[in-house]
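*Asks:* Whole structure, please, built from the sequences with the hints as guidance.
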Amino acid sequence: MPDSVGFTDFVRTYTSMLLTAAYLMTGSGPAAEDLVQDTLLSLYGKWQRVAEADVPIAYVRRCLINNFVNSRRGRRGQELLLNELPETGYEPGIATGVADRDLVVRLLAELSPRSRAIVVMRFYYDLSDAAIADEVGCRPGTVRSTLSRSLAILRELMNDPPNRHGRSATVEKRAG
Amino acid sequence: MTSQYRDPDAVLRHGIRDEAARAPQAGPVIDTVLETVRRAGTELYQAGSYDRDTGVRRLRSWLAPVLVAAVTVLAVGAAVVIVRDRQNNRGGTTAPPGTSTSPAPGPSASPTGGTSSPRPSGSSTASGSPTTGTALPPVGGPVPAGFLVADLSFVGRDYGFALGTTASCGTPPCTSLVRTTDGGAHWVGLPAPVAPTDLSDGVQHVRFASPMVGYAYGPNALWMTTDGARTWRRLSGGAYGLEIAGDGVVRLIGSPAGCLPGCRWTLERATVGSTSWAELPAATSGLPQYGAGLTRSGPVVVAAFYGHVAGGAQSAGTTLLISSDGGASWRRRGEPCTPRQSSGTAEQDTRAVTVAPDRSISVLCVPRGSGGIASVQTSTDGGTSFSARHDSLGQAYPTAVGAASARTVFAASDSLYRSTDDGAHWSRSSAAISQPSFIGFQTSETGRVIDSFGSSQQGSALPLGHSIYTTTDAGASWSVHTFR
Chain Z
1 MPDSVGFTDF VRTYTSMLLT AAYLMTGSGP AAEDLVQDTL LSLYGKWQRV
51 AEADVPIAYV RRCLINNFVN SRRGRRGQEL LLNELPETGY EPGIATGVAD
101 RDLVVRLLAE LSPRSRAIVV MRFYYDLSDA AIADEVGCRP GTVRSTLSRS
151 LAILRELMND PPNRHGRSAT VEKRAG
Chain P
177 MTSQYRDPDA VLRHGIRDEA ARAPQAGPVI DTVLETVRRA GTELYQAGSY
227 DRDTGVRRLR SWLAPVLVAA VTVLAVGAAV VIVRDRQNNR GGTTAPPGTS
277 TSPAPGPSAS PTGGTSSPRP SGSSTASGSP TTGTALPPVG GPVPAGFLVA
327 DLSFVGRDYG FALGTTASCG TPPCTSLVRT TDGGAHWVGL PAPVAPTDLS
377 DGVQHVRFAS PMVGYAYGPN ALWMTTDGAR TWRRLSGGAY GLEIAGDGVV
427 RLIGSPAGCL PGCRWTLERA TVGSTSWAEL PAATSGLPQY GAGLTRSGPV
477 VVAAFYGHVA GGAQSAGTTL LISSDGGASW RRRGEPCTPR QSSGTAEQDT
527 RAVTVAPDRS ISVLCVPRGS GGIASVQTST DGGTSFSARH DSLGQAYPTA
577 VGAASARTVF AASDSLYRST DDGAHWSRSS AAISQPSFIG FQTSETGRVI
627 DSFGSSQQGS ALPLGHSIYT TTDAGASWSV HTFR
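Chains as they are written, first to last, in our numbering: chain Z, 1 to 176; chain P, 177 to 660.
Quick caveat, the hints were computed from the structure, so don't treat them as lab data. There may be inaccurate statements among the hints.
Quick list of simulated restraints, FRET-style, between CB atoms [as the list claims (entries may be wrong)]:
1. Z/Arg144 - P/Pro204: 34 to 40 Å
2. P/Ala343 - Z/Asn66: 24 to 30 Å
3. P/Arg604 - Z/Arg149: 36 to 42 Å
4. P/Pro318 - Z/Cys138: 37 to 43 Å
5. Z/Gly141 - P/Gly510: 41 to 47 Å
6. P/Pro457 - Z/Asn66: 43 to 49 Å
7. P/Pro348 - Z/Arg149: 41 to 47 Å
8. Z/Asn66 - P/Ala459: 39 to 45 Å
9. Z/Arg144 - P/Arg440: 31 to 37 Å
Just so it is clear, CB atoms sit at the ideal spot from N, CA and C, and this is done for glycine as well.
*Replies:* Pasting the structure below:
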């Protein structure tokens, strides 16, 4: 079998990490599995190029993000796939009063695919502006402005609980 | 609630970490990808030609010689990558949220300064900046032979670290770190801090905030990595407990070094990946001085301070400091374990504390002296009140407690015991767990136990285990991974 060592080891080591990134970007377990699977298999035929990259995982993650953004091209905004139906109300936590996870899901639903990728790379993987720009394929300034805009949206959402239909005024305003 | 915790940046970081824990398991995807490739045999996919519905596309005959050459180059390239990576690696390990805290043992010597394993320039995190540049986690090498687990830390559903040691190695210290990316089915060795696992100047515990940023610590030593354990740097001081909370990390310090008993306790917080620590506003004067630890799940952090329980000292109970906002503010309460007056049971002391993913707090209460009956009591109101105690745990002398939720709690003694009714009734685990030394729940379903049976290392005060048991159904069933 070709590349029984490099490819197999890579898949065993990094699939979990790629899957997490894919899940955070797509918001759906099945969609994340498809995205990771398709990305890895499409790279198998040019694994030499991956293996020779300075940082193979960065190369693969770049492909993952490209595949994700391309697959969503032409579709904007609210079509974030959800694993489960949005909760229709808040279940206040002991301290926060608001479930941070729900806020994040709502925020990601607000963002374009590229912006989602930028947010995930920063807030889950702790990558720098330059590294994110390299992986997502934009300028560091775009990364900074996207993150700033995302935090502003989140700030709005934090002050704007969803109504009984699970929609917040912020989301409805933007959708409208 | 404080503005510190409600900072959007912290909310986003915390929420993403919670959401990431719901990502699908990697195992099925790994199997599918590798099986698809295996079925392809020597036929390589061409870029963009992969068809998910029909599987492998046949190669044109003229491609065969080209592919042979490509495979050769690819194999050499992969080998170079692996060799290069393994040269950077030497064993290594970490721990999940929701693990219990019990008295941290032992006296210690003063820490020494210094840095750790080989570190490429510019790869470590600067003070105050949580970003990690382009550094990415190392691929990893083989798990050290005879690896024994001391502590676990998971940053996602499948992505976790285990810290431990080996009985012998080429060049001591033999402290090792390993990582799994598929929920514990497979592990690889990673670089570990160049520190022993003893209490004087070593590390016994591990916590990772993300795949990149993690901490290995003991009462008198604290090491941090910001590049997925590729390199480690030593920070000042140590930690009797350390937990990731939101975008911050909280540590419990006992000073001066080697202070037990008689420590002055301090709680500090830093941004994840930062070297700048700030003291937290916790009322730490007059706390018991015979041991301490931290436990956390979500924003709920509990610091437990244990008294001297020998000799029947009535005032030697445990004191808890409880934070519900990631360590920004703390509330103090006295011994949560109380004897049941009607049965005249012996004085009860808190032996361990845990926070479940649903933010309930459970304490393991053990009798002072012999003849009493142990119990687990749970609080669902942030530690203000605890459930009535049940005497059904018997006279076993449990050493650890874990909780998947307020209702489903676990106790460790000669086996793992599980209750699904808040400690009223207990059943022995069907898994062959003989000496559980660690119980941690990442979610209300997924938890892990280290079994120390048959792996005690002579001269080590650290509970070490060959086996990690994993449950994905709140402890109803367990699968095991054993290191050889």
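*Asks:* With reference to the structure, classify each hint as holding or not holding.
*Replies:* Comparing the hints with the structure gives:
no.: 1; hint: Z/Arg144 - P/Pro204: 34 to 40 Å; result: 37 Å, holds
no.: 2; hint: P/Ala343 - Z/Asn66: 24 to 30 Å; result: 48 Å, violated
no.: 3; hint: P/Arg604 - Z/Arg149: 36 to 42 Å; result: 55 Å, violated
no.: 4; hint: P/Pro318 - Z/Cys138: 37 to 43 Å; result: 39 Å, holds
no.: 5; hint: Z/Gly141 - P/Gly510: 41 to 47 Å; result: 55 Å, violated
no.: 6; hint: P/Pro457 - Z/Asn66: 43 to 49 Å; result: 47 Å, holds
no.: 7; hint: P/Pro348 - Z/Arg149: 41 to 47 Å; result: 52 Å, violated
no.: 8; hint: Z/Asn66 - P/Ala459: 39 to 45 Å; result: 53 Å, violated
no.: 9; hint: Z/Arg144 - P/Arg440: 31 to 37 Å; result: 43 Å, violated
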